[in-house]
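Line order of the protein sequences matches chains A and B. Oh and the first sequence: position 138 is 138 in our numbering, straight run, nothing missing. Oh and the second sequence: position 84 is 84 in our numbering, straight run, nothing missing.
Incorrect hints may have been included.
Incomplete in silico selection of chain B near chain A, CB under 10 Å [to be verified]:
(1) 19
(2) 22
(3) 74
(4) 111
None of these hints come from the bench; they were simulated from the model. Don't be surprised by glycine CBs; every beta carbon is placed ideally from N, CA and C.
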Amino acid sequence: MPEIVYSKFWSEAFEAMEDFVFLIDKDFNILKANKKFLKFIKKPKKDVIGSKCYKIIHGLNKPYKYCPHKKTLTTKKPQTVQFFEPYLKRWFFLTTAPIFDEKRRVLGSLHWAKDITKEKILEQELKIQLERFNRFCNVMGGIVVALDLNKKVTFINKRGAQLLGYKQKDIIGKNWFKNFLPKRVRKQTEKAFESLISGEPRTFGSYENPVLVKDKKEKAILWSNTVLKDEKGEIIGTLSSGQDITQLKKAEESVLKAEQRYREIFELAPQAIVVLDKKGRVIDVNKRLYAWLGYKPEEVIGKSLLRLPYLPAKSKVKAFQMFSQRLLGKEILPYELEFTTKRRERKVGKIDAVLVRDNKGSILYDLVMISNITEERKIQEGIRRVRQEEAVITSLLRLSLEEVTLEEILDKALGFLLSLSWFSFENRAGLFLVEEEGYLTLKAQQNLPKEVKERCKKVSFGECLCGRTALTKQIQFTTSLEESYSLRYRKGISQGYWSIPILSGKKEILGVITLYLREKAHPDKSQEEFIKAFANVLAGIIERRRAREELEKSRAFIKRTLEMAQGIIMVLDKEANIIDVNEYIEKLTGFKKKYFLGKNWISLFMPQEKESLEIHELFKKCFVDRELGCHETEFLTKDRNKLTISWYISGVRDEKGSLLATIAVGVDVTHRKEAERLQRLAQLGRLVGDMAHEVNNPLMVVSGRAQLSLMEEVSPSLRKNLEIIIKECQRAKDIIQRLLTFSRPSKGEVQKIDINRSIEEVLGLIEHQFNLANIQIKRNYAQELPLIEADEKQLQEVFINFLNNSKEAMPKGGLIEIITKREGNFLRIDFKDTGQGISSEQLEHITEPFFTTKEKGTGLGLSVCEGIIRAHKGKLFFESKEGEGTTATVLLPLREGGGGG
Amino acid sequence: MVKNHRILVVNDELEILKVIEEFLTKQGFSVLTALGSEKALEVLSPASNIDLIIVDLKMPKMGGVQLIEEIRRLRKDIPIIVLTGSIYIEKYRKELDRLNCKDLLLKPIDLNLLLERVKKRLS
Numbered sequence: 001m002p003e004i005v006y007s008k009f010w011s012e013a014f015e016a017m018e019d020f021v022f023l024i025d026k027d028f029n030i031l032k033a034n035k036k037f038l039k040f041i042k043k044p045k046k047d048v049i050g051s052k053c054y055k056i057i058h059g060l061n062k063p064y065k066y067c068p069h070k071k072t073l074t075t076k077k078p079q080t081v082q083f084f085e086p087y088l089k090r091w092f093f094l095t096t097a098p099i100f101d102e103k104r105r106v107l108g109s110l111h112w113a114k115d116i117t118k119e120k121i122l123e124q125e126l127k128i129q130l131e132r133f134n135r136f137c138n139v140m141g142g143i144v145v146a147l148d149l150n151k152k153v154t155f156i157n158k159r160g161a162q163l164l165g166y167k168q169k170d171i172i173g174k175n176w177f178k179n180f181l182p183k184r185v186r187k188q189t190e191k192a193f194e195s196l197i198s199g200e201p202r203t204f205g206s207y208e209n210p211v212l213v214k215d216k217k218e219k220a221i222l223w224s225n226t227v228l229k230d231e232k233g234e235i236i237g238t239l240s241s242g243q244d245i246t247q248l249k250k251a252e253e254s255v256l257k258a259e260q261r262y263r264e265i266f267e268l269a270p271q272a273i274v275v276l277d278k279k280g281r282v283i284d285v286n287k288r289l290y291a292w293l294g295y296k297p298e299e300v301i302g303k304s305l306l307r308l309p310y311l312p313a314k315s316k317v318k319a320f321q322m323f324s325q326r327l328l329g330k331e332i333l334p335y336e337l338e339f340t341t342k343r344r345e346r347k348v349g350k351i352d353a354v355l356v357r358d359n360k361g362s363i364l365y366d367l368v369m370i371s372n373i374t375e376e377r378k379i380q381e382g383i384r385r386v387r388q389e390e391a392v393i394t395s396l397l398r399l400s401l402e403e404v405t406l407e408e409i410l411d412k413a414l415g416f417l418l419s420l421s422w423f424s425f426e427n428r429a430g431l432f433l434v435e436e437e438g439y440l441t442l443k444a445q446q447n448l449p450k451e452v453k454e455r456c457k458k459v460s461f462g463e464c465l466c467g468r469t470a471l472t473k474q475i476q477f478t479t480s481l482e483e484s485y486s487l488r489y490r491k492g493i494s495q496g497y498w499s500i501p502i503l504s505g506k507k508e509i510l511g512v513i514t515l516y517l518r519e520k521a522h523p524d525k526s527q528e529e530f531i532k533a534f535a536n537v538l539a540g541i542i543e544r545r546r547a548r549e550e551l552e553k554s555r556a557f558i559k560r561t562l563e564m565a566q567g568i569i570m571v572l573d574k575e576a577n578i579i580d581v582n583e584y585i586e587k588l589t590g591f592k593k594k595y596f597l598g599k600n601w602i603s604l605f606m607p608q609e610k611e612s613l614e615i616h617e618l619f620k621k622c623f624v625d626r627e628l629g630c631h632e633t634e635f636l637t638k639d640r641n642k643l644t645i646s647w648y649i650s651g652v653r654d655e656k657g658s659l660l661a662t663i664a665v666g667v668d669v670t671h672r673k674e675a676e677r678l679q680r681l682a683q684l685g686r687l688v689g690d691m692a693h694e695v696n697n698p699l700m701v702v703s704g705r706a707q708l709s710l711m712e713e714v715s716p717s718l719r720k721n722l723e724i725i726i727k728e729c730q731r732a733k734d735i736i737q738r739l740l741t742f743s744r745p746s747k748g749e750v751q752k753i754d755i756n757r758s759i760e761e762v763l764g765l766i767e768h769q770f771n772l773a774n775i776q777i778k779r780n781y782a783q784e785l786p787l788i789e790a791d792e793k794q795l796q797e798v799f800i801n802f803l804n805n806s807k808e809a810m811p812k813g814g815l816i817e818i819i820t821k822r823e824g825n826f827l828r829i830d831f832k833d834t835g836q837g838i839s840s841e842q843l844e845h846i847t848e849p850f851f852t853t854k855e856k857g858t859g860l861g862l863s864v865c866e867g868i869i870r871a872h873k874g875k876l877f878f879e880s881k882e883g884e885g886t887t888a889t890v891l892l893p894l895r896e897g898g899g900g901g
Numbered sequence: 001m002v003k004n005h006r007i008l009v010v011n012d013e014l015e016i017l018k019v020i021e022e023f024l025t026k027q028g029f030s031v032l033t034a035l036g037s038e039k040a041l042e043v044l045s046p047a048s049n050i051d052l053i054i055v056d057l058k059m060p061k062m063g064g065v066q067l068i069e070e071i072r073r074l075r076k077d078i079p080i081i082v083l084t085g086s087i088y089i090e091k092y093r094k095e096l097d098r099l100n101c102k103d104l105l106l107k108p109i110d111l112n113l114l115l116e117r118v119k120k121r122l123s
């Protein structure tokens, strides 16, 4: 064949090819492609020819991984491959063949591709359907038969073949009606088959038709049929599936048996079982329910949940709520419900319910299983009860430690008691105490009716229920207060009254608690135990309280006694610091109690060191030798009265002898001291009086003789001597006379006087003389001072005395300031000089008779003054600083007896 | 004049008696002395014509006041001048007033003052 012809033939054949044909050189360049290919690629020739094949066909920049071209080039053999090109989304059937040059060198390859996408899809779909069908048919429990229009079997599943007693291949291709159906149904079924394949509209349903099996026996099959159509929608045959009813019937039997078993379980189950329909009506109950709650099935079946006699109202609601929740498909955890038996006993059940549905999801019934947990609950409740009871007792004890009155405790105790829920309390109670022998007094109550409160204010022992309890000391219980009780309360209502005695440790009746119980309630043994324990605790509290009250009373008594005591009672620590003191000290000293607290006893009462040492010794004695120390000290009151306090100091020790504190009892002995002083003065006065008398007699003789001698003719010198004798006798007489004044027991002539005017009178007499001695007098009088009752002459004598003393203290002159003012209930008069002053030691003795600092003094002046002021119930004291001056102060009471002294 | 007036001086001290006796005698009185109350009561009788008595208050056994009470029983109106060495004259004043003794002189006395009182009482 000439080359040209050859090439032209190929060229035309090439273009005429139905499939895609193209040439690729060994560098993957497309050298030539037919029109079909170009059309398929939808690209102009120029873009395809010369381009890399992987770019055009696979959309890649490098050769395709599974490229058959490569293999063709290397193997130099044709290749056939089916592949799915994702770039073009097509399936291809490709054959490649190598192209050689004359020296059998490979130049490239010829590609011959066929688009097989459509076939591929069909094939895959078929595969899937077939798989599905086979799986379906083989797995199905029944028989599946496909017939063609000629009534021949085109398919039977494995199970179906087994059912008929043949192998699949023995059945396929055979006339179904002739071979596998009993004669008597053959006509009828063939008619049905024909009507089925004729496409008549009909209702599909199930038909029970027997089949003929290999051993000529019949099997009851429940059929359902459909037609098979081809892709054009034309009927090509039928497909029937059948269920072996023989087995179904057997199954029915076993189901029946199962129901019996179920019934047995239903009846023997440890739980009570109630079956409800979807409206909540009872369909069935087991006998357990009857045994448990006492309701026969016929009393329950047919009733709605809300009308069940064994459910108390609260439970009905809850049961219905839970049922509704189940209906809504909510998962319900087991829950508890209260039940009431026919005998009205309370029971507790745990509910475990399940809603039973059929395979279509419709509700069949609600299965309710009830476990009796009454006992369990009782035990739990018992534990809770014990805990709460303990809590009540604990609260009560805690309360007793608080600072509350016994009344409050009793009140709260009742509250605690009534808070215990398991007691059938009616929330009414009364608590009595024995405050008077033979009588109960109502001390606390909760919700007692008014008439009861009135009636039971006071109940005598033996009277009524509470009185009987008190008398017998035994718990009393009654369900009604009949004739024998004086109290009527809600007559006719059967009610519990529970009365419990509160007994002391010595079994003495302290009181009674009476509780109102709900109808028919009767306390059990454990409740009685508890109430006894409660009463005992209460008894303990009452006893302790009473003991404490006694103690407080006696403490108060001791305190009052201490306060009333006419003596200082001080508690000192070991260093003699004042820890406590009674209030008497305020009355005595005018200083507040707190002035003393914390201060040291020694530095307060014994400021001088010498005495301090002495007192330390004394304290030591108290501490170590348990001896009673006694000491007298002086103390200046706020009103500047000098007190003399006699102290008795003793150690307070515990039974082991350890020192707890030191008690210093101070008795005000100022008056005794004063009395002693006055007595001494009186003695002195008597002595002076006696002495005066004894001295006056010889003076009388001396003076008389001298006077007689003077009546005679005597020499002038003798006359002078006699005159001196007479004069000195007179002076001696005067001195003795003055002793009279300081021991004078009472005021003389008393009248109302204006103190400023009285002082002025005195000044009128002496001022000129004082001015001559270079002494100025400064008046500082308060105006409108009240008049005082006094012996003016005596007071003036006192003032003259002060003025003369001041004058003598100021030999070079100075200033005397006279101040009058009112000070409380006193009139105060100060005579303040700028003289030399006197020492504090001398100051102490200044008013003692015959004490004098002056060369010429008699030492009687100020003692006389003191006598006068004392007679006026006033006070006289002096303050002096050596080198600075002295102040003499007189305090006179404004009213008779006012201020006292 | 004061002549013939008889004055009784009672005192338990002889020297005092002597001084007063001497003085009053010099003044022209007839003076009787009694050393103590008992002596005085011996001398004193309703019949004795004594015109004035000078009594000392403080005497042993029977004191001045008691003596004066006795005197008053005998001679209700006789003037009595009381002498005392005691400083407690106030103590006796009321009682002496009751016994109608207005003159109380404190020893040592001014003799001229005594004379003045005597003359006054006898006038």
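Looking back at the numbered hints, which does the structure fail to meet, lowest number first? Per hint list: single violation, 3.
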